[in-house]
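Peer 1: Chains as they are written, first to last, in the working numbering: chain H, 1 to 251; chain G, 1 to 251; chain S, 1 to 251; chain Z, 1 to 251; chain X, 1 to 251; chain D, 1 to 251; chain L, 1 to 251; chain F, 1 to 251.
Any given hint might turn out to be false.
DSBU-like cross-link-like pairs, simulated, lysine-lysine; straight-line CA separation at most 30 angstroms [said to hold, decoys possible]:
{"#": "1", "chain 1": "L", "residue 1": "Lys59", "chain 2": "H", "residue 2": "Lys59"}
{"#": "2", "chain 1": "D", "residue 1": "Lys59", "chain 2": "L", "residue 2": "Lys59"}
{"#": "3", "chain 1": "F", "residue 1": "Lys59", "chain 2": "X", "residue 2": "Lys59"}
{"#": "4", "chain 1": "S", "residue 1": "Lys59", "chain 2": "D", "residue 2": "Lys59"}
{"#": "5", "chain 1": "S", "residue 1": "Lys59", "chain 2": "H", "residue 2": "Lys59"}
{"#": "6", "chain 1": "F", "residue 1": "Lys59", "chain 2": "G", "residue 2": "Lys59"}
{"#": "7", "chain 1": "X", "residue 1": "Lys59", "chain 2": "Z", "residue 2": "Lys59"}
{"#": "8", "chain 1": "Z", "residue 1": "Lys59", "chain 2": "G", "residue 2": "Lys59"}
Rather than coming from a laboratory, the hints here were simulated on the basis of the structure.
Listed below are the residues making up each chain.
8 protein chains.
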Amino acid sequence: MQTDQLRALLADVAAGRRTPEQALASLRGQPFEELGFATVDLHRGLRTGFPEVIYGQGKTPEQALAIAERLVAAGGPLLVTRVSPEMGAALAARFPDGVHDPHARCFHWQREEPADVGRGVIRVISAGTSDLPVAEEAALTARLMGHRVERVHDVGVAGLHRLLHHRQALETASVLVVVAGMEGALPSVVGGLVACPVIAVPTSAGYGASFEGLAALLGMLSSCAPGVVVVNIDNGFGAGYAAARMNRRTP
Amino acid sequence: MQTDQLRALLADVAAGRRTPEQALASLRGQPFEELGFATVDLHRGLRTGFPEVIYGQGKTPEQALAIAERLVAAGGPLLVTRVSPEMGAALAARFPDGVHDPHARCFHWQREEPADVGRGVIRVISAGTSDLPVAEEAALTARLMGHRVERVHDVGVAGLHRLLHHRQALETASVLVVVAGMEGALPSVVGGLVACPVIAVPTSAGYGASFEGLAALLGMLSSCAPGVVVVNIDNGFGAGYAAARMNRRTP
Amino acid sequence: MQTDQLRALLADVAAGRRTPEQALASLRGQPFEELGFATVDLHRGLRTGFPEVIYGQGKTPEQALAIAERLVAAGGPLLVTRVSPEMGAALAARFPDGVHDPHARCFHWQREEPADVGRGVIRVISAGTSDLPVAEEAALTARLMGHRVERVHDVGVAGLHRLLHHRQALETASVLVVVAGMEGALPSVVGGLVACPVIAVPTSAGYGASFEGLAALLGMLSSCAPGVVVVNIDNGFGAGYAAARMNRRTP
Amino acid sequence: MQTDQLRALLADVAAGRRTPEQALASLRGQPFEELGFATVDLHRGLRTGFPEVIYGQGKTPEQALAIAERLVAAGGPLLVTRVSPEMGAALAARFPDGVHDPHARCFHWQREEPADVGRGVIRVISAGTSDLPVAEEAALTARLMGHRVERVHDVGVAGLHRLLHHRQALETASVLVVVAGMEGALPSVVGGLVACPVIAVPTSAGYGASFEGLAALLGMLSSCAPGVVVVNIDNGFGAGYAAARMNRRTP
Amino acid sequence: MQTDQLRALLADVAAGRRTPEQALASLRGQPFEELGFATVDLHRGLRTGFPEVIYGQGKTPEQALAIAERLVAAGGPLLVTRVSPEMGAALAARFPDGVHDPHARCFHWQREEPADVGRGVIRVISAGTSDLPVAEEAALTARLMGHRVERVHDVGVAGLHRLLHHRQALETASVLVVVAGMEGALPSVVGGLVACPVIAVPTSAGYGASFEGLAALLGMLSSCAPGVVVVNIDNGFGAGYAAARMNRRTP
Amino acid sequence: MQTDQLRALLADVAAGRRTPEQALASLRGQPFEELGFATVDLHRGLRTGFPEVIYGQGKTPEQALAIAERLVAAGGPLLVTRVSPEMGAALAARFPDGVHDPHARCFHWQREEPADVGRGVIRVISAGTSDLPVAEEAALTARLMGHRVERVHDVGVAGLHRLLHHRQALETASVLVVVAGMEGALPSVVGGLVACPVIAVPTSAGYGASFEGLAALLGMLSSCAPGVVVVNIDNGFGAGYAAARMNRRTP
Amino acid sequence: MQTDQLRALLADVAAGRRTPEQALASLRGQPFEELGFATVDLHRGLRTGFPEVIYGQGKTPEQALAIAERLVAAGGPLLVTRVSPEMGAALAARFPDGVHDPHARCFHWQREEPADVGRGVIRVISAGTSDLPVAEEAALTARLMGHRVERVHDVGVAGLHRLLHHRQALETASVLVVVAGMEGALPSVVGGLVACPVIAVPTSAGYGASFEGLAALLGMLSSCAPGVVVVNIDNGFGAGYAAARMNRRTP
Amino acid sequence: MQTDQLRALLADVAAGRRTPEQALASLRGQPFEELGFATVDLHRGLRTGFPEVIYGQGKTPEQALAIAERLVAAGGPLLVTRVSPEMGAALAARFPDGVHDPHARCFHWQREEPADVGRGVIRVISAGTSDLPVAEEAALTARLMGHRVERVHDVGVAGLHRLLHHRQALETASVLVVVAGMEGALPSVVGGLVACPVIAVPTSAGYGASFEGLAALLGMLSSCAPGVVVVNIDNGFGAGYAAARMNRRTP
């Protein structure tokens, strides 16, 4: 119940059009919060154009398909992450205009190329070849949300000249997503070279004492470069989503 | 070696004022990279107005004082974090115009109020009273860097109405810093209500199975609200610094 | 040795049919405690009507079948949890009146609908779709034990209005079982809204830094909402069993 | 704002004693959401008699005193947990009628003995002498909330006969709080003897591989006795609070 | 109820001084289990000569003193472990015949030298000087329990010849207690040289990645020498107690 | 260099067939230690009758077969643990007189029933059905080494009367091996009832917060019953081997 | 851009064949840093003869084949580690002169036997048969890099005489690589016997509380033998590579 | 038994002063191994010049003093690490020619400047000011052992130009010791720039998710730069000792 509605209700009471008890019942019976939140949700959708995203892992192809159909019917865009080969095949059969990217384990569909809603370009940097699927998930997510994305691959810190070769690209980015496994040192090095937000994504690449991404995660959280922020292990989607929030033109 | 210097060198060669071998020696003898990086650093400083910050922990008051004097001589602003009472007293004696905030464990000094360089307001939200020092460190950091900061305190999820009362404040922020200990659930709830970037800061508040902030850290990394990014435990400075990067007007 | 047997023994002594030393020997040789405890067990069964439950994991279908037959012969009800497809098929073939619920990984059979032994309704709340099997295991367990159970699904904290929409249901429950993976924040939010016991069940849903349910477990144990109690990861059966104990009409 | 106050306000509007705009101002001045939730909170307070509790750790004596005065002014009862000696002295000086229990690290005050609101007796069982402060915190909490509490101390599983001696006490409890450090085996043994809810509280008593309570916590979560629920390490308050919820007469 | 009392009761029945029903009532009213277990406990005490031991940590000097007086009144022997300097002084003041060993953090008293109840000699081997307090606690415990104990100190594996010099001593021991911190390799080497039981005691000596004894604990549990058994970190008392059990002459 | 060779060398010196310097060179060049240690090893084998054991895991059937043939040729007995079905089949084909116990994952062969070398009976106690394979491995190991072994199964602490029913068996054992998963409480309860050595074996049975046996391991190490010693998770062989060492008649 | 190219450019400017602005553009357009670092890389390659190595895990056979072809075209040598059977077959089909060592999970090829570039012999010591693949990977790596390598296998600390038999081999090595799983005690024993560098390699051999190599890793890091250095779990390649660095003749 | 004694014994046999059997008995009765190992130890000392080192932590000043006096009496050099202020004062009072370095927490004394026994210069690189004490301990250790040591401080990866400025120093080192806390990324970057051995030392500098050096330790173990070896957290002594082993001129 908005302020205007409340004013009208009180005016009704003043005018005798409703008794105090009737007004009390109205106030009590309203799902105030629910209404409020649904409105907020709608406003947010209209304002940011952020699509709803289906997390494929732990869902059956049938479940993913059912949700996907509702989203496409609503106009899309559609993004499904962590898509198994089976789910990807099912989605491709149903939405032949969509794209199944098995490398990034994503399926996506959109009516038309999204308008550019960003302030600048988001650059996704990855350290090694095994970090590519996570990097690609981040890139796809931000792209679907209407942001320009560029990729810089295979620039791990053990061969520093490869990274430094791309220094201009780093410095002109609006937001940087830095994806690395093993010791996860790349965000620290990048964070010291640029002034834009740096989102670090640890990956589970590595073995032994990397403990499925724990070494990279702890390292990124402990980065000596100030201002580096971190998302969950292998969470390319979360990084791309956060990058899009940071790069949006408003406010 | 700046571009101008390089141009002059080449002109000397063209004019015969230096032989190619002499120029080669000059180029070889120069700390190119260092010069180059120092230049970048300077450019970045000029461009972003981000001050250098002293991390007080593990330093003696004398060490902190020595670095602080160089920074103040350079015009400031000065921010020292994790200031012990002794260090705070030493800094206050040397810089009587500065402010020692024992609650946030910070000392700061600036010649004049910094110009507002942000796109909007950064709001720092904290869950409980024991999270306040970390929240204040984040707020001070962003403020010194030239951003408007507002605080919303004591809105933990166990009393949801306190948080919802501030919903408009949440929705109009440019960047949100959300500080919480114990289970660290606040960023997930906030992340579902807003469209702006959300930086989650786990604190070591709590006991037993919160394991000095580990429960909050893991929870924030595993947040079901997409786009939440995380910094190290109790790292208010890092959160404020990252928020400032996200809120800067350029690009 | 039952009370009757003890009475008979003492009567023998009184009648001179046994000397005191002979009676002493008999008393010494008897597994007194076993008798005592077996009686207690029986009393408990009669008093609470709690059925014995078969934990299917780590058992062969043959082993489960053998125990199930003894329980059914005793009148049931029968509940088998963590049922593999093979075990479920074997049980269904033997007990065609039973129900194999592959979603909750349970098999159950009962002679007749159990009488309602509860004080009120147990509500099982779950945060996401991947938490459903655990939630269903909890619901089935409490139902078999003679309690009314209602379910509220997919009300994770990232979309708070969905949860608040069910506030009346939450407030009128006798006991709440709250199932959540990832950061496990739902019990904290629910715990602040209600006055009844809240049993939190962490699930292994999530990835990376959720560490197979550890993030949710630590978060629930560290909950800022007082009075939340926790069971093992994915332990829907334990939660349902505990909820039934809390909801029983006696004492 | 209570229902009665709202009704009076609306009656004023109907009677023309306030204009609609005046009423609107009053309502606006009120924290609506807060009011809504505060009402719920108050209802809950009236219904369950659960007092607000001050967690002393991390607060200064001044902070604790300020909150305590507001609670006492509201009629109490007052419970402060994790009270340092200094805080205890400050509270005792201000509230000479209150009780400072240094053993349980609690301070409590109440106008009069609370009415018994429980269905039965809550029994608090502890394994060893080092578990006593945590057990006492649980007992005090439930007692202040209006429940009958009895204590059974020093009945660890290594001397089983001590526990079995109290079997009748265990069997007649309405709720059991079982406090144990080291390996935390007591709740498993107790859970197999009774039919009522069992709340297990791990304590940090022990050394080496007990890892500050971790061994007991994991053991209790993995208990082979079904229906045991667990709270955080050393969280006697949480256990007492949960026990009170389970024992309340309604519904 | 002791055996004598039970015999008297049965004699009363035989003599007609009590009816069977009266005797039944008496038996019912008695804490049978307690009696039973207390008897067992007493039998065990008589049979094994194992004294009760006071764990000093977490107790006040007053508490320790009170228990100690009861034990001494019962004839002793008295062993108090983890004795603080204050507690040691209090015990020494009360029992001037006792011995306060601040190195082993123990206080012990006995009426007379205990008879040798062992099958052979227990040898306590330690790797470095920082392991000595734990080794001494083990030696003292076994000695008080009536076993011959010999010590071999400072024979860590990095100087293998020191250990091999004592090979004959190792080979002729009845039980070996091997105490080591850091990587805890000594029990593996010793275990391959002897045929008697080897009890490994990890200590918290070491730093960094030894994680307060965790490295030694995990190493000892993973020992490639078969038959090595392990006790808790720094648990010299437990090792001495277990060694005494293994070395007792019966059965 | 064997004793005979050493004697011959010295005889050569005495006879003038070698000069002292030549003998010195021979002695220097010889692997003295190896001779020494090999002798020790042989002595140990003769003295204790402990057979060499093949750990099957990580070996190919061919490797296991090759070692087994050498051991059988040496007269046996033969014990292979962690036998895969393939390895078991290969061993059974080669040694038709041997026994493949797939439940305990062992293969064993002996020329004749070993003579009883123990002081008493070793009893292997297990808590639940999923602990049986580990318990059986322990029993088989001790049996092969010439010890009498008896088994007590399914006596977990949640049904205490089952355990207490076997109290006499517990009290008359020479050594107890106690096998339990989940919270691993059984050794604590048993340890308080008996005077003989208790070897606790944690198993990986359990799920969630039992973390593959970690909960049971930590619990057993932290046991409140003094004198309990622990082996690695699922290490039935190590427990049986250690029990045999404790039970041997010598010294 | 190499030094020669830079010299030529400057000569062009001096000769008027390029204007200073043209030279400036060339210099700007060049990846200076890349040039700089690539030069370093090349120098290093020429100086040390260290081949580039392909880490096979996480790559498809096609990817490995493509990189391998470039390396062989450059003259080799070629080393691929963590080779799956499929990848090994693909490599063997393409490079029939190469060697696929399935035991070490490596494929290697070289035009001719590499010249010996080492100061002495590298000895690779392993504790048990399950450590052999890791040891072999280390040996192969160092061999391909031009170092003499000798192997000492199956000399675990539980049978010390086997190790001591090889003492001369240990003492004459230039560098020792010591590979061990389980408790990882071998490097501590070896480290106390020799004066050369000791590289410890923990392996994941073991079970239960060895936690996939964690016990060995922590033990090796905590070694009481000074000067032992450690690489990642199962990282034979890294150990062989480091050994080669230590053994190179220069400087 | 020393070589001289052995020679004398053999001469006795040759001269008929002892029979072979008498000599055999003497040889058997002698602690051969001890003699052997002590000799080896002495040889090693003579050959490598590595001094014995006192680890001060966990020792009393008196204990350290006693050992120090023996070492000085033997000619030195003397190195005591982890020296407390009290221990440092006691050592300085006793050895006024020695040096107490409170920053590195070391005390050292030597008769004269050690001769240079190294192949080249060892460079100790540290990332931040809080890593200095550990770096200094490493430098001092290697210096005392007779190696040239140079230091490069404060070159963390977040300001890459500082590190690159020292590239020539890195490339000309014989061995590099790289000390870093927080995320520990420096060794990865350095490892990619040089061809010499790189010893990584994680420090406990950092907070929160750096977990007392764990983040740096795991990161260094997982380094993407091949050939990096690692020592324990804060173990500057071990790194310096290992560097000295790698740099020694022999073989």
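Peer 1: Run every hint past the structure and note whether it holds.
Peer 2: Now for the hints, and whether the structure bears them out:
1. L:Lys59 with H:Lys59: Distance of about 28 angstroms is within 30 angstroms: holds.
2. D:Lys59 with L:Lys59: holds, 28 angstroms
3. F:Lys59 with X:Lys59: Between Lys59 (chain F) and Lys59 (chain X) the Cα gap is close to 27 angstroms, so the pair holds against 30 angstroms.
4. S:Lys59 with D:Lys59: Cα-Cα ~28 angstroms, so holds.
5. S:Lys59 with H:Lys59: Roughly 27 angstroms between the alpha carbons, so the hint for Lys59 (chain S) and Lys59 (chain H) holds.
6. F:Lys59 with G:Lys59: Holds, at roughly 27 angstroms.
7. X:Lys59 with Z:Lys59: holds, 27 angstroms
8. Z:Lys59 with G:Lys59: The hint holds at about 28 angstroms.
Violated hints: none; the structure is consistent with every hint.
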